[in-house]
Each structure stands twice: as C-alpha cells, then as structure tokens.
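**Q** Take a look at the letters that make up each chain.
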Amino acid sequence: MWQGEEHRLVTRKAAPLSDFARLMRRLSIDGPLLGSVILICAFGLVILYSAVGESTRLTVNQFVRLGIAIVAMLLVAQISPDFLRRWTPWAYVAGLILLLLVLVTGEVGQGARRWLNIGIRFQPSEMMKLAVPMAAAWYLHDRPIPPRAGQLLIIVAMIFVPTLLIARQPDLGTALLIAASGIIVIVLAGLPVRLMIALAVLAVPGALVLWNYMQDYQKQRVLTLLNPDSDPLGAGYNIIQSKIAIGSGGLFGKGWTNGSQAQLEFLPERDTDFIFAVMGEEFGLLGVLALLVLYVFVIGRGLWIATQAHDTYSRLLAGSISLTFFVYVFVNTAMVSGLIPVVGVPLPLVSFGGTSMVTLMAGFGILMSIHSDRKLLPH
Amino acid sequence: MDLLSPIKDHHSERRLFITRVIFSSIVAITLLAFVVARLVQLQILDYEHFAEQSQGNRIRIEAVPPIRGLVFDREGRVLAENLPAYQLELIPEQIHDIDDTLNRLAGLELIEADAIPQLKTLIASGPRFKPVTLRLRMSEEEVANFAIQRPRFPGVDLRPRLVRYYPHGPAVAHAVGYVGALSENDLQVLDIARYAATGQTGKTGVEQSFENTLHGEPGYQHVVTDARGRVIPADTGELLDSLPADAHPTPGSNVYLSIDLDLQLLAQKALEGRRGAIVAIDPWSGEVLAMVSAPSFDPNLFAAGMTTSQFAELQDDLNRPLFNRALRGTYPPGSTIKPMLSLAALQVGATNLTRKRVCIGYFMLPNSTHRYRDWRPEGHGEVDLHDAIEQSCDVYFYELSVDLGIDNMHYYLDQFGLGKATGVDVRGERIGINPSRDWKRSAFSNPDDQRWYHGETVIASIGQGYMLTSPLQLANATAALATRGTRFRPHLVAASEDGLSGQRTLIRPERIADADVDNEFYWDTVLGAMHDVMQGVRGTARQVGLGAPYEMAGKSGTAQVFSVAQEEEYEEEEVEERLRDHALFISFAPLDDPKIAVAVIVENGSSGSRVAAPIARAIMDEYLGVTDVAR
Chain A
1040 MWQGEEHRLV TRKAAPLSDF ARLMRRLSID GPLLGSVILI CAFGLVILYS AVGESTRLTV
1100 NQFVRLGIAI VAMLLVAQIS PDFLRRWTPW AYVAGLILLL LVLVTGEVGQ GARRWLNIGI
1160 RFQPSEMMKL AVPMAAAWYL HDRPIPPRAG QLLIIVAMIF VPTLLIARQP DLGTALLIAA
1220 SGIIVIVLAG LPVRLMIALA VLAVPGALVL WNYMQDYQKQ RVLTLLNPDS DPLGAGYNII
1280 QSKIAIGSGG LFGKGWTNGS QAQLEFLPER DTDFIFAVMG EEFGLLGVLA LLVLYVFVIG
1340 RGLWIATQAH DTYSRLLAGS ISLTFFVYVF VNTAMVSGLI PVVGVPLPLV SFGGTSMVTL
1400 MAGFGILMSI HSDRKLLPH
Chain B
355 MDLLSPIKDH HSERRLFITR VIFSSIVAIT LLAFVVARLV QLQILDYEHF AEQSQGNRIR
415 IEAVPPIRGL VFDREGRVLA ENLPAYQLEL IPEQIHDIDD TLNRLAGLEL IEADAIPQLK
475 TLIASGPRFK PVTLRLRMSE EEVANFAIQR PRFPGVDLRP RLVRYYPHGP AVAHAVGYVG
535 ALSENDLQVL DIARYAATGQ TGKTGVEQSF ENTLHGEPGY QHVVTDARGR VIPADTGELL
595 DSLPADAHPT PGSNVYLSID LDLQLLAQKA LEGRRGAIVA IDPWSGEVLA MVSAPSFDPN
655 LFAAGMTTSQ FAELQDDLNR PLFNRALRGT YPPGSTIKPM LSLAALQVGA TNLTRKRVCI
715 GYFMLPNSTH RYRDWRPEGH GEVDLHDAIE QSCDVYFYEL SVDLGIDNMH YYLDQFGLGK
775 ATGVDVRGER IGINPSRDWK RSAFSNPDDQ RWYHGETVIA SIGQGYMLTS PLQLANATAA
835 LATRGTRFRP HLVAASEDGL SGQRTLIRPE RIADADVDNE FYWDTVLGAM HDVMQGVRGT
895 ARQVGLGAPY EMAGKSGTAQ VFSVAQEEEY EEEEVEERLR DHALFISFAP LDDPKIAVAV
955 IVENGSSGSR VAAPIARAIM DEYLGVTDVA R
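So the protein lines, in turn, are chains A and B. To convert a position in the first sequence, counted from 1, into the working numbering, add 1039. To convert a position in the second sequence, counted from 1, into the working numbering, add 354.
No lab work stands behind these hints: they were computed from the structure. The beta carbon of each residue, even a glycine, is placed where N, CA and C say it ideally should be. Among the clues, some could well be false.
To be verified - Okay, the calculated beta carbon distance ranges per label pair:
id, chain 1, residue 1, chain 2, residue 2, range
1, A, V1143, B, E538, 16 to 24 Å
2, A, V1143, B, K484, 39 to 47 Å
3, B, P508, A, V1143, 41 to 49 Å
Generate the whole structure from the sequences, applying the supplied hints.
**A** What follows is the structure in structure tokens.
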C-alpha cells in the first residue's frame, strides 16, 4: 500500500524562513506549543513559590524538574512518528510487564503500591499514560475507521487490562485518566454515536458495580462531595477549605503570597492537588481564567496538530494526547472547586512533583514530532 | 497482503476525524464552561460569604492577662507583688526524643526525676506545638545552669513571666493568702471570659476574698493563626493591619491591708515553734492589725508551683501549717469569757457589785456529788466579782452560772459576737459554738442528748464544754469590751487603689449593733477588774503587766484539752505535750483610750497567763510604741 515514501522528497513552496524559524523547524519544535507550555510552567512556578510557603529550595527543585521535562519533550520531538509507531507494541507490552511487577514487588507508599525500583524509582503507570493511547492508535492505524465491533472489543481489552492493573494498586485517578486516554482514541476513531449513547445509559448500572469495587476511602470521597458539610473536620475538610480559598479570592485575588487559606495551612495539599485553589485565592477569578486560557490554547494547538497529521496513528495519538491533557485540567479544576469527587489528579504543569511532568512533556514532544513530520508532506 | 481487506479511504477518514475533534471540542468547552461557571459562582456570587469564612479562619482573638494588683500593709509596705521569673518550657514538636530530654534535664536537677511520668502525660495531652511548662520558677542559679547547657536542649527554653511573690513569706501567709494555679473548680465559679488568659487565682486569705478587686480586666489582641491554632509570629503581621485595635488589659486594683507588718512579724516570731494564733484589732474601727496562725508556710511555694512531694509534706504535717487557726481554729475560750459573763450577770441581776462568795476550791450542784473544781485547789476564799475576775476564780462563776442560766449566757456572749460569724472580709471563718438550749436541741438528734443539763451550764461558765470560739471572735469580743460595747465589723482590707488612676477608695469602718450592756458602772467594774488582772496586786497576769507605761486590761484563759478524772490531779509534766491545756489571753490597751485589742491562743501552751499573756503584752508594747521599758 502507499506509504508515501516518495512524496517525502517533495518540498512545499513556502515563504522564506528566518534563521530562528529554520532552527526551530530543524529541531522539530512547535513554537506556539513550546511558548504556551513555558508560559504555563512559569505561571505555575510563581504559584508554587507561594504554595510551598515561599521556600526557595522547593521552588528551585521544581524549576529543575521542569527543565528536565522540557529537555525530555525536545528529545521526544526528535523521534519520528513512524519510529514511535513501530516501537509502540513493545512499549505497551513492556509497560504491562512492569505493571504486573509493581503488583508483585512494588514499593508501598501512602497505602498504595505504585512504585517500582529498578535502579531508578518510578511509576510504570506513568509510562502507560502514553503507551495505552499509542497502542490503541497503533492497532487502528492499518485498519479502516470507524472500527468494527470485533476490533473495538480488542481495543477495549487493550485499554482495560492496564487500567484494572493500575486500579488495583490502588490508583483510581491514574486508572481513570489512562482509560480516558484510550477511550478518547476510540471516540476520535469514529465510535458510533448510537454505541456511545448506549454506553452512557449502561454507565448507571456500571457505576453501581464500580461502587462495590471501590475502596472505602474512595466511596468516602464521593459521599463527601455530595455533602461536604457532613464531615467538616474529616473528609469534607479539603473541599470546604478549598472552596473558601477560591471563593475568598474574589475577582482580583488576595495577592501573591497573601492567601491566608494557603499560607496559614488551612488548605490541605496546597502545593500538589489543591494548588489551583491557591491560585484562585491569590490571583482571583482573573488569574484563574488566564491560566485556563493558556490551557485551552495548548489543547487547541494540540487538536489542530492532530487534524493536520498525515496518518491515522499520528492523528489519533495527537488527538488523544491533547484531549487527555484537557481531562487532566478539567478533573483537577472541577475537583478543587467541588464539582466532582476528590480524585488524586494534579494540575498539569503546575502541581509540585516530577514524574507526571515528564510524561506530560513527552506527550507534547510527540505532538511536536507529529507536527514537524506533517510539514514534510505535500498537501 | 490481504486484498480483501477494506481499502482505507484517507479523505473520509480525515473528515470523520475532524468531525470527531470538533465534537470533542464542543464537549470539552461545555465541561470547561461548567468549571468557569462554578468559579464565577464561588468567586463573584458567593464572594462575601467565603471572604468572611476565610477571615474567621485565620484571625483569633486572644486574651491578654491583666497584671494582678499588689497587696500592701497599712504603711504601704509590700506584702504581695509580681516579680519576673523564668519558667522552663518544652515544645513537644521541636523535640526528637522526649524521654531522653526529660532524663537529661532531671540529670541536671532542673526537674525532679519523680515528676517525669506526670510531665510525659502532660506533654502527650496537649497540641504538639503548645509549650508545656516543666518548672514554674527557676532560681537564678538554675537559670544560669540551664543557659550554659541550652544548646544541648533544642525545644526546651526559658520564658519570662510574672510570678506572685510574697516578700515576707510565712509571716503574712494566713492573712494575705496565696494564689495558685486555676483549677477546674475555680473555672466553674469564675467568669471564664475574664480568666481566659489568667493562670492563677487567689486560693485563700485576701488573695481569695478580694480576687475580684485584685484581678483586673483582661485585654485582647488579634492574632493570626494557622489551621492548627498555632500563632503566627509578627512577620506575617501585615494581615493584622486591617483589624480593629487591640485592647490593653486593665491592671487589678492594689489593696491596702489594715495589717501592720511590724506587728505581724512580731506576732509571727512570738509564736515561733508553737501552734497557735494571734489576732490584733483596732477596737474603734474593727481593723485587723495582725493576724497570725502558727505554724505557717511559704506562700511562694503555691505561687511558683511546688512538687507533689512538697505539697504532701505541707498537707501531712501534724502541725497543720496550712490551717488558718486565727480564722478557722475553734477553741474552748476558757476563762477569757468571764468578763463578758460578769457583765451579763450584772445586767440580769444574777450578781451585783458587792456580793461575795466563798471559794473553797470546788463547787457542787445541789443534789449532786460531782465536784466542779477551781483551778486553784485550795480555793480563793472570800471573793467578790472584781476579785473573781482578777484571780479568775472558777467557783464564783460556777455559782453565778446557776442564777444566770445558759440562755442568758448565750444571749450576752452572742452580743459580743462569740459563736457567730464576725463578718470579717476574708472568707472561710468558722463560727464555733455558743451553746444554748435551742442550740442543743437542733444540734443533736437523740432526744436524750437534746436536753440541757445544769452541769453543762456550770462548765460553760468557765468557757468549757460545748463552747468553741475562734481567735478572731475572741479578739473581736475583746475589742467590744475595750470600747464598752461599741462594735465594728472586723476587716483586713482598709483601702483599694485603682490600678490605672491610682485613686484610692478607703473602706469605712462598719459599726454594728452595740453589745447590750448599758450601765457604765458595770463596765467600770469589769474593765477595772481586767486591768487588775494585769496590773493589780493579785492579778493572774500581774507579772506580765509589770513596768508598762500604759494601763492595760486582760484576761487569761486555760482551755482543757484532756479531761481530768475526778479526784485526780492535773500534773503538767506527766501529760503529753499535745494533751496539755491550751493557753489563751485576751487584752486591750490603753485602758481609757483603747487602741488595740489582742487575742492570743497557744495550743497546748498550758497556762494563759504565763505563756499567752507575755505575747499579748509584747504586741501591745510594739503597737503603742513602747520599747522594752522594764524587761
């Protein structure tokens, strides 16, 4: 079949490029994406400095992590989508093996078994965040879309095996995100609308089954969301304090490092999952909207890259990476503002912590790689 | 290659994909719109509500303790003050190994090893950031000692604070009282808001009774706290700028006692090594000039905090140093009531100024063989009322009591305030017993016990039997004798001084109902006889009255502790010290212009005239400004 190898030699007529733009193109760097991501990171560092109680040490720590993550992004951007596609099944299988290893020999931290120590300590679930949508896109790449029912079942299995393994750790937040990234691939690949509606209807009994499968603390989170005031000093405390923090920020906020909720430690997990509340308190609605606009720009840029991609694998992967990033943003902001139950999802690029940052940036690296790959093709 | 596999239609696939991207974007934008709407709701619509909640979260009003008023004597000499002292504190959250730290502190003798388990419970009970006091007051030596070792004790620190200090310690302990740590019981009585920042409250004496005056009003300050209630230090103070101003505490009022420190110290010294009490009163005002109970204790131990072993030692002491004998000790008054009974007998006609009786050393009621003995076995011979008082003839009063009757005795002793509350301004006085028929009926439940017997009247006439009076009551009654019946409510506090303005409020003497004896001749006789007790030819205390440049009046009393069986002689040497009679003496001076009335009780002192009277004389000399003339 046509793989379009010969077309690679054809170059598109283009306006003359400046030296800088030529360098960017040679390094497969997408300027708008890089710029907006760096803006978010910079904004994030500013908030983080306040959220960690003005600790320079922790802020520098996070700055270094960001730097490493951005380097990782630029490195990943150099990998061509074809190369990525060919290695996808191996990455997926390796990820599954590591997940099984975690369940058997993983290190326990905070009541969950998430970490694997093979020379370096890392969470295999992070790797699966990219491996699952990659595998789903890889499976659909050679097949006509929309996929047929049998193929769908195979993809669903590919998605849910790692999801259930991660849910067993237990890490419900990551499991849901990974499932979402896979499902997004199916949806983008043209999952019939009738089927989606049917699944939505089935979600009700499904939720009941899930309820029985949930750990007590997970059930508690759902119950707490429905009525946080029932347990103001216990499980509802986080949501109540977070709402107070955001609400008391008002339109303009209390000013940087002046958020009493955050600075006086009323707000729990202020530098990780609840950093969005620190934002809302110190920078107000305007600051929060500014951040959301940046996020929307990154997502929009990602989706635009997806629509410009030249093959199914790239399209589906780019679309999934962009929309999964949206899911991150949505779940975290909705949870912190008390719209959905508290699931441990950090605010991407802003929350303190390194592992998920590298994964996110690697995802953006893939977007850049897909974007630059497209530019070598004729229209 | 599988030629039957459907051919991929790249254009339709791309179209489908773009449709799906648009669809997903719409879903995403809708979801994001929910979040934005939620943010608008929280930050704009409900802003006021949450802003208020966040304020309440971080600002706490903290009470600031007022400075306790000082206590002075009548000359303005300090009896109770507040001194800065260092206390040893430990902040649990800053300490890695609490056991080790406590053991090392005990090794330096900064805390008692025995107290460690108790301190550990205390440390475990509070929030980990809150300092726990290990020692309330450290000596200068200990402070220096700890200062050297301090780097070895992270999380342990010295904190200055004001500690109540009683410079004269034991000498004024029972009059001034002491402050101690607020207890649960105190908090049930006191206004919690007023005591929010106060750690100590008056437990006895003036400190207790004038707590309200001395305490002052707490101020308050706004403090910024974190979620655990930890106070944030001043560097986050900009948060406080928008708040209402803090209020300074109002210091408590100073209190001036009518106590004369010199007199008090003298009285304290006079009772050294003994158990007993001395109360001196200004008869024309009711001002208490001295109030001593011996043995005493160091009130600073309570104010600074003492170990359980120290407290146990005080509490278990057989001599009961914590017991305020002047106010709460009740003793048979013995012969000290004879002047009052004489007035009663004259008033009701049970005797007259010239009637004589023959004392043969004992008295027998009609139809009884029981001998009521005189203190002088051979008797006093022929005596009239004057002689009976001067020589303290018991038989004269035994006989007189039969005509007087217990109810008359009760009435007149009541006129002098015996067996009833004096109304002194310090809490805790015991009222004792002034027996009567009515009293006996209500005091006993068994009908046989409720009957009053003649024999009981006889022994009541020499202040024995049921009769019990406190040293304060005796001094108060003596003052009423000195003034010929004019009575004042005894009080220790003469004035208070506003802590801020320094304005003094004098406490006016409160005159109460006169004693019901209106014939000046009766007074002349009785007071004259009391004068002769001390300065007459045959007075029981004439040795004591010798050489005084002023005229004084007095009456000794000896109260039986141990009943001597019939036909037995009381042999002083043979009786154990604690079974010996109590020695009492009441006196006032000068005779014609009384300025001081004194009651002295020496427990197991054997003889009122030999043991108690010299003490009374010394006190009167001191107060009247007489320096050792004869002795």
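**Q** Now, for every hint given, state plainly whether the structure supports it.
**A** Going through the hints against the structure:
no., hint, verdict
1, V1143(A) to E538(B): 16 to 24 Å, "violated, 57 Å"
2, V1143(A) to K484(B): 39 to 47 Å, "holds, 46 Å"
3, P508(B) to V1143(A): 41 to 49 Å, "holds, 43 Å"
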